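Colleague: Here's the letter readout for the chains.
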Amino acid sequence: MRQRRPRRVALLSVITAGMIGSILIPWAAQRATAASGGGTSASANGDTVTIAVNIDICCGGTRRDPANFDSLVRDDVMQAEAVWNQALSRLPYKGCFSIRVAFSVHILTGTAAEDGYHYLYVDPTEPGRSYVQGPPVGDSTWVYLNDVGQSSLFLASMSIVTWEHEIGHLMGLQDDYQDQVVGGATVSVALPGRAGTLMDSGSSIDQNLADRLGDLAAKSGLKLPGCWAGTMNESLVVGPCTSSVHATMGIVVKADGAVAGTWTGSETAPGCRSHAPFYLGSFPISGNLVDRKFLFPSLPSMPDYPPPISIPLVSSTSAVAHLVWSAPGGSQTSDFSLTCMGC
Amino acid sequence: MRAGLGGLLAGLTALMLVSCGSGAAGPSVTPSPEQAITGFDPSNAAAIQAGFLALNQSAHDNPTGLRQAALKHLGDSNTWVHYAAVYGLALTVTPTQGSAEVATMLSATNLDDRLLAAGALAGIGDKRGLPVLIAALDQGDKLSFRDPPQPAYDFARAELLYFTTEDFGLRGSTDLASVAATKPAWLGWWQANQSSIHFDTSSRKYAT
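Listed in order, the protein sequences are those of chains P and Y. Our numbering applies: residue 312 is where the first sequence begins, and numbers increase by one. Our numbering applies: residue 252 is where the second sequence begins, and numbers increase by one.
For reference, chain Y alone in the conformation it holds in the complex:
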């Protein structure tokens, strides 16, 4: 037996930062949540990988810090800093911390903002994310940076199947046309049950 994935991030990130000239980190410095967001750089595959590594590790090790940094930079004019802030907030939002800010993004025109917000709320038991996911069932635009690249309908499909006990033919549908064909049934379900739908904390699913 050996240790889990643990903390090679520290040295790794330090080297990353040094190599990118973005900080004076020594070999044992982990990027702060602030650095994880402001240093997010999509210029090449390695930088993208390192950027998500830093964000994910911050979300895991210091969710409060990342959430605070994310909230601070949510309105950043830099596209990538804003994206990192949205992503960081989506990974750290709680029912009492940051959910109001996330909810404001449910009507965003930016696809990443809208769907990351919907998925994040769905995951914390806030059903306001569900209609946004349902609305995306017929949308083929791709989210940014997903691996593999993921269109909106596929993201919504996965989230709805994961967080609800409903199907409406969605499980057997994988392409845009067939997934979109289930949308009316999902809309009907939401409209008929939106007041009674609740999050079951045991199953981690929404039920009516």
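Just chain P, same shape as in the assembly:
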């Protein structure tokens, strides 16, 4: 049923090195000889990073397939994609980048797979153990370079969460649990801090997973624009009342100095304001990085500091501004701090 071709010989040593231990063949040393064309890729458009996973499903149309095998598999994968994207939409990478995933599925009726696609054998009826092959320890960009041939999924005992988990492997994520033999039985033990998350035995997609996906995309060679993340803390004192606002900023700096990102502000002490400041909530911000200063025309300003708000660089990775305005009966301070993430 399955075909064999000499091309896979190069891949063999890579998979084997990963599977049977790095003692024999260092994983990194093998990667250079890996066959090209994994089914995973990453691209960036502005502050959005898209991780694409192309999946060939073998094999539709077999005697044991349910009549709706194709739609069943497609629906499951699309549901998994939706769950990933729903979670990632709330989990910006480095405070700057939105990560989204795009899963593409081809149901194969024969045995030949396509370049640039991961090849998964999907069994329609048996209660086997689903798994995706890859390096045994640690997240890896291996899936960006190789397909995961020798992987099997067993449809009948899979839930959508299983799809989410297995496609997590296709994006380079390693398990967040370890099987341990204890007293003649096996137990699955979550890695520290990872209990209940998707790559453990749970369903939660958290910031840790989002950051690891982003790190893998960057390690795969994806060039990301400069990312700066930071905060603004404002305090307004009028007589006996103090109003406070805290905001987070995540901005991307393009090569021409254009800056764009997101501001998210919340009032931490309402004080005696007659109305909430306009800069609460989440909204896009834009500006420029010019002459070692971030300039934001639309950020909250004060009478002594007409727009644009200027936040000067104090080093190659840090920008700080301390704005103070005093007037009879009140005062206001705003502290801006931005740090380059990964610079």
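In short, the hints are calculated from the structure, not lab data. These numbers were taken from a predicted model, which means no experiment stands behind them. Yeah, the Cβ is synthetic: ideal placement off N, Cα and C, and Gly gets one too. Errors might be hidden in some of the hints.
[Unchecked claim] Footprint (simulated), chain P over chain Y, 3 or more residues, beta carbon under 8 Å:
(1) 335-346
(2) 373-380
(3) 386-397
(4) 442-456
Mind docking chain Y on chain P? Use the hints.
Modeller: Structure of chain Y alone, referenced to chain P:
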């Protein structure tokens, strides 16, 4: 276009066996079904992965051989050889070959034995697996070696939704408490319809 996942297993497994010192396989030797079962080793993640690779590949390439080897080792006193035999049999059982032995495991105290048997029978159209799956809807113990780790109720939930046209609120239930809450309805369905439930070979589902 390129070939499918095919046979890099041969060399891979050969290296695996050599590295583990468990055989004299040369670079082109695929583990026999016997080796896939007796060599199953859960000592570390790589070995587990390789063990399932060998079992799955044997089930695919030589189901008769794996079934025979599995039946031979079903009563093995070694925990892991026994597990591999149960797993191998679950993947290769047919209505006429091995189903009687699988059916004896439906009442096993060992969770893996019981649920792999139930799932295997359900998959070949043998409805005796269904009540065992229903019984597991309120059981939180985890099966061995699943990826991701899978509690009994989740395995049973997936199998019942996959092989029947019923729901009883199960599709929208994902945690133990909510899945377990559907169990009475499933029991009622089974008790009311067990004599008429049959396996539709076209849809691959059980219908009443």
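Colleague: All hints are to be evaluated individually against the structure, with a verdict given for each.
Modeller: Structure-based check of each hint:
1. Coverage of the region 335-346 of chain Y by chain P holds [criterion: at least 3 residues with CB-CB distance below 8 Å; count 3].
2. Only residues whose beta carbon comes within less than 8 Å of a beta carbon in chain P count, and the region 373-380 of chain Y has 3; three or more means the coverage holds.
3. Check on the region 386-397 of chain Y: 4 of its residues sit with their Cβ under 8 Å from a Cβ of chain P, so the three-residue criterion for coverage holds.
4. By the rule of at least three residues with a Cβ nearer than 8 Å to a Cβ of chain P, the coverage given for the region 442-456 of chain Y holds, with 4 such residues.
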